[in-house]
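Q: Line by line, the protein sequences give chains A and B.
With positions in the first sequence counted from 1, the corresponding number in our numbering is that position plus 17.
With positions in the second sequence counted from 1, the corresponding number in our numbering is that position plus 2.
Since the hints were derived computationally from the structure, they do not count as laboratory data.
Treat the hints loosely; a few may be bogus.
[What the hints assert, rightly or not] Chain A is faced by these chain B residues, among others (derived, beta-carbon under 8 Å):
{"#": "1", "residue": "Lys40"}
{"#": "2", "residue": "Leu44"}
{"#": "3", "residue": "Ile69"}
{"#": "4", "residue": "Asp72"}
{"#": "5", "residue": "Glu75"}
{"#": "6", "residue": "Ala78"}
[Unchecked claim] Just a sample of chain B residues kept apart from chain A, beta carbon distances all over 12 Å, derived:
{"#": "7", "residue": "Met29"}
{"#": "8", "residue": "Glu50"}
{"#": "9", "residue": "Glu54"}
[Stated by the list, open to error] Away from chain B, derived, C-beta distances all over 10 Å, residues of chain A:
{"#": "10", "residue": "Lys133"}
{"#": "11", "residue": "Ala140"}
{"#": "12", "residue": "Ala160"}
{"#": "13", "residue": "Asp166"}
{"#": "14", "residue": "Arg171"}
A quick note: this is a predicted structure, and the numbers were derived from the prediction, not measured.
Yeah, the Cβ is synthetic: ideal placement off N, Cα and C, and Gly gets one too.
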Amino acid sequence: MTHRYVYGVMNDDPVEFETDAVGDADRVYTVSHRRLNAVVSDIDTTDPEETDEDAQRHDDVLREIMDRDGGRTIVPMQFGMAFENDRALKNVLRGARPAFRRAINDIEGREELGLKIVREEDAEVDTDALEEAIADELESIAAQSVPNDLFSDRLVLNRSYLVDRDERERFDEAVSVLEDEYDDLMFRYTGPFAPYSFVDVRIGAQQ
Amino acid sequence: MFILDDLLIRPFVGIVDTLHTMALSEMYDIEALEAELKENQLLYELGERSEEEYRQRKDELEEEIEIARDVHERLASGRVEVKR
Chain A
18 MTHRYVYGVM
28 NDDPVEFETD
38 AVGDADRVYT
48 VSHRRLNAVV
58 SDIDTTDPEE
68 TDEDAQRHDD
78 VLREIMDRDG
88 GRTIVPMQFG
98 MAFENDRALK
108 NVLRGARPAF
118 RRAINDIEGR
128 EELGLKIVRE
138 EDAEVDTDAL
148 EEAIADELES
158 IAAQSVPNDL
168 FSDRLVLNRS
178 YLVDRDERER
188 FDEAVSVLED
198 EYDDLMFRYT
208 GPFAPYSFVD
218 VRIGAQQ
Chain B
3 MFILDDLLIR
13 PFVGIVDTLH
23 TMALSEMYDI
33 EALEAELKEN
43 QLLYELGERS
53 EEEYRQRKDE
63 LEEEIEIARD
73 VHERLASGRV
83 EVKR
């Protein structure tokens, strides 16, 4: 267990806690370089395999940090970033410092929510009109949003929203009003997640 | 352009081999399989698929994806034998 598995990067105070971490580690802590703290656990490989269990643990650790102290901000990494040692990781923190700063700034105090709308089999849906109606209600509350892949022909909308924690209640309510209004469609409203869809810091290639 | 490029780079590769390669990549379409994996998950979450159906389909699809990855790896390394 001599390598470092990275969950995300933050500039709040360091953390340390015991939990079920990726790769059967049991402790999560931070490796710091000038007030940027990478949240890590120890791991015995630099190329971890993405099992369902470890993907879940990765998410759980990020959630745990987001829920701390009334809501902390962490730039989430995708599953699978592991570094040889502290030095390699600190080099990346140094090199990608401006990118991390920008990302932290974008997501500070915000969380990601997902909305998928699914039609009944064989039902006809005017997707353009629906998209517009949804946008009218939700885009003004969300700080940002991005479209996601329509991976099934049953999906008529698949979007991720970045929402201020303070606006969360209003957003939930708007979704629920829409859900009542479109009762022939199925809504799958998920989250909150770490804002994966709204940060674009790639550090894997530099390890 | 795929065929042309491929033939220019490897002139000794016959057109039949190239078409065979293309057919194989299409048959083992990783993206389509991954999309179906996500659809399976979604339909389960919405309660349209039972846990048993969901698990069974998930296992099947994961196996197919693994096979497809293997085929693509072999195609990329030119280790697929073309028999005529």
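Q: All the hints need checking, so say for each whether the structure fits it.
A: Do the hints match the structure? See the list:
Of the supplied interface hints, the one on lysine 40 of chain B holds, with its beta-carbon coming within about 5 Å of a beta-carbon of chain A, less than 8 Å. Of the supplied interface hints, the one on leucine 44 of chain B holds, with its beta-carbon coming within about 6 Å of a beta-carbon of chain A, less than 8 Å. The beta carbon of isoleucine 69 of chain B is not positioned within 8 Å of any beta carbon in chain A (closest approach about 17 Å), and the interface hint is therefore violated. Contact between aspartate 72 of chain B and chain A, as hinted, is not supported at the beta carbon level, the nearest pair being about 16 Å apart and thus beyond 8 Å.
At about 16 Å, the closest approach between the beta carbon of glutamate 75 of chain B and any beta carbon in chain A exceeds 8 Å, and the interface hint on this residue is violated. A distance limit of 8 Å between C-beta atoms decides the matter here; for alanine 78 of chain B the minimum to chain A is near 19 Å, and the interface restraint is violated. The beta carbon of methionine 29 of chain B sits about 20 Å from the closest Cβ of chain A, which is more than 12 Å, so the claim that it is off the interface holds. Not every beta carbon of chain A lies more than 12 Å from that of glutamate 50 of chain B, the smallest distance being close to 9 Å; the non-interface claim is violated.
Against the 12 Å criterion, glutamate 54 of chain B stays outside the reach of chain A, whose nearest CB is about 17 Å from its own CB. Not every CB of chain B lies more than 10 Å from the CB of lysine 133 of chain A, the least distance being 7 Å, so the non-interface label is violated. A cut-off of 10 Å between C-beta atoms confirms that alanine 140 of chain A is not in contact with chain B; the least separation is 13 Å. Every C-beta of chain B lies more than 10 Å from that of alanine 160 of chain A, the closest at about 26 Å, which supports listing it as non-interface.
Consistency note on aspartate 166 of chain A: stated as away from chain B, yet its beta-carbon is not over 10 Å from all of that chain's, at 8 Å minimum. Here arginine 171 of chain A does not stay apart from chain B, with its beta-carbon only about 7 Å from theirs, under the 10 Å limit.
Comparing the model with each earlier hint shows violations of hints 3, 4, 5, 6, 8, 10, 13, 14; every other hint is respected.
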